[in-house]
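Protein chains in written order, with this note's numbering: chain F, -14 to 136; chain D, -14 to 136; chain V, -14 to 136.
For the record, the hints were derived by calculation from the structure and aren't laboratory data. C-beta atoms are modelled at their ideal positions from N, C-alpha and C, and glycine is treated no differently. A portion of the hints provided could be inaccurate.
As the list claims (entries may be wrong) - Which bits of chain F does chain D cover? Going by a derived footprint, with three or more residues having C-beta under 8 angstroms, they are: (1) -3 to 6; (2) 24 to 33; (3) 60 to 68.
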Amino acid sequence: MPKLMEDEVFMAFATYATIVLLKMLLMAPMTAYCRFTRGAFANEEDVALKPAEERKKLLRIHPDVERVRRCHLNDLENVVPFVLVGLLYALSGPELSSALLHFRVFAGCRFFHSVSYVCALPQPSRALAWALGLLVTLSMAYSVLSQVLVL
Amino acid sequence: MPKLMEDEVFMAFATYATIVLLKMLLMAPMTAYCRFTRGAFANEEDVALKPAEERKKLLRIHPDVERVRRCHLNDLENVVPFVLVGLLYALSGPELSSALLHFRVFAGCRFFHSVSYVCALPQPSRALAWALGLLVTLSMAYSVLSQVLVL
Amino acid sequence: MPKLMEDEVFMAFATYATIVLLKMLLMAPMTAYCRFTRGAFANEEDVALKPAEERKKLLRIHPDVERVRRCHLNDLENVVPFVLVGLLYALSGPELSSALLHFRVFAGCRFFHSVSYVCALPQPSRALAWALGLLVTLSMAYSVLSQVLVL
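Can you make the complete structure from the sequences, with help from the hints?
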């Protein structure tokens, strides 16, 4: 077995990567919850048990559901690259303090981003959370490329 | 070269991760197939060779195409976190039998999920396949966090 | 610290994975740019500073924005599996020349795919770029499965 999991930077990466992935995974149950409470479904088989006259009405698009779905998609677009770039970054041997700073800022940003998206907080709260998270990933990508560059 | 690929747990992870990623990748050709057979395209350049009067009609949304696309998006939302959390889980040194159980259940769930989504099987078949797959990922995430927690 | 980053194949993987992930990440600012220049927003809080009578008009769907978003989603569907399968492929000990060929072709395909999508180049330019990129990932997946197969 490799000794990756005895390296402190890699352990920190594993911790924060798992946490932000868990946060992302929780958007799916939240979408399901919104679909049920708002009565807005996407598939005919999802409303098959309802009375026939209600079914058509339930196959609709609801703004609250779409909002949670956009938040979920934004997570996919940002959390997955963070974890992938972060994996390479953790393997490239950074300082623990520097790595922790990157991971903590990103995790904080994404939690705040989800809250500000789902609760529709006034802008630019969501934009700033998104941009700062992106900067963290770009900083790690720069660090990786400046150490390993085999083209 | 590292000896990761001589570790049985990691080899099992590599096998199942590749299989579920292949399954996810196959949703794209299936979407393309649906777009052609249903005549429902998203881009003007995709219908440029058709007669001018037909083009407008072909730039439309078809329920079958949307169904396959939702299935694809659901794969992205679930398969990618499984592979990422599974990678950390495989590196954290679990028992081979326990790891195989996680990987096999997840792969089975996702294949069944796709079939039940694309064929519109009666609920709760799709919901159960999705929920069981999510539980597998959550179980691996719990296992990772309980072993490495550097905050 | 593991010696992964001293392996040439892994360094090449890290380089190209970071590059294609960066390309994918840049689709988000491009979407934001399109939203502002076209005046097409998705959330009410994004247009809160505009005069009340303009707000409704700005909450709309614009074809240029949707085009960039489809391009971004296509990246998610293809770049993320490439990086994940590529990671396993790089760990399975391929020849450096063979690995570089895979990585370079894929990166080229995805850059050309984005250009042909955003600029709406005549088909089949986009379709070919997508298909060739998919073939690279399938070839790496085949290589992984032919070396490690623990079911």
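Here is how each hint holds up against the structure:
{"no.": "1", "hint": "-3 to 6", "verdict": "holds (count 7)"}
{"no.": "2", "hint": "24 to 33", "verdict": "holds (count 6)"}
{"no.": "3", "hint": "60 to 68", "verdict": "holds (count 3)"}
Hint violations for this structure: none, all hints satisfied.
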